[in-house]
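As given, the protein sequences belong to chains A and B, one line each in that order. Going left to right, the first sequence walks through residues 1 to 112 as the numbering used here numbers them. Going left to right, the second sequence walks through residues 1 to 115 as the numbering used here numbers them.
Treat each hint with caution, since some may be false.
Result set (PhoX-like, lysine-lysine): computed pairs, CA atoms no more than 25 Å apart in a straight line [stated by the list, open to error]: (1) B:Lys56 with B:Lys36; (2) B:Lys67 with B:Lys114; (3) B:Lys56 with B:Lys68; (4) B:Lys67 with B:Lys56; (5) A:Lys96 with B:Lys56; (6) B:Lys68 with A:Lys96.
Since the hints were derived computationally from the structure, they do not count as laboratory data.
Spelled out from the first residue to the last, the chains are:
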Amino acid sequence: SQTIHQWPATLVQPVGSPLSLECTVEGTSNPNLYWYRQAAGRGLQLLFYSIGIDQISSEVPQNLSASRPQDRQFILSSKKLLLSDSGFYLCAWSTKSNQPQHFGDGTRLSIL
Amino acid sequence: GEDVEQSLFLSVREGDSSVINCTYTDSSSTYLYWYKQEPGAGLQLLTYIFSNMDMKQDQRLTVLLNKKDKHLSLRIADTQTGDSAIYFCAETRIMIYNQGGKLIFGQGTELSVKP
């Protein structure tokens with residue numbers, strides 16, 4: 001069966017520090033991968049999606065970037081965090097055929 | 001616009017039925033989803049319905065889809081305290097043909113189940 005792992009679960013970082021969140025999927029090949037952010041107001045916003053290695057699309061302009069160095073690895077990064085980057089970050093995967101997206105357990109990021 | 005809309009709160013008594021409503025915007029959405037989020041956790045896929053269906057039942061869950069009104073509902077029968085969570089509906093927007101779609105989420109409905 002397929003599983004998705006995100007880490008760390010919780011992160012507290014100072015403003016201006018770098019960020020690296022990692023997501024890996026097991027049990028499937030060539031998945032679509034997604035990064036979402038859930039702000040305090042509950043809504044989820046798609047940040048990045050990837051349909052293959054080194055193929056990243058950005059949905060909204062922001063202080064973050066994403067990379068997919070391997071088929072089942074998706075990384076969310078920032079060179080300098082802003083206070084507004086605080087939130088709950090969720091990684092998800094789906095198959096190519098427009099099937100449901102399955103989410104990881106999320107990373108809660110607090111910026112001080 | 002892109003908005004998927006849900007009421008923010010719903011309170012029911014244990015054993016009653018809960019009905020969570022959602023309106024969406026894109027009539028070409030192929031799949032519509034219901035996700036459940038418990039405090040501090042990720043999103044758990046509860047159920048989904050394909051756009052050519054009117055109803056789908058899965059144990060205590062019943063999904064109704066009214067395409068004409070772009071209205072989706074989730075009914076939970078015999079609601080239990082363990083059902084307390086935030087429920088999100090989501091519609092699919094195709095990104096690239098046959099490459100999958102992004103999800104547009106509603107704001108979530110917080111279901112509170114009182115004993």
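What are the numbers of the hints the structure violates, in ascending order? 2, 6
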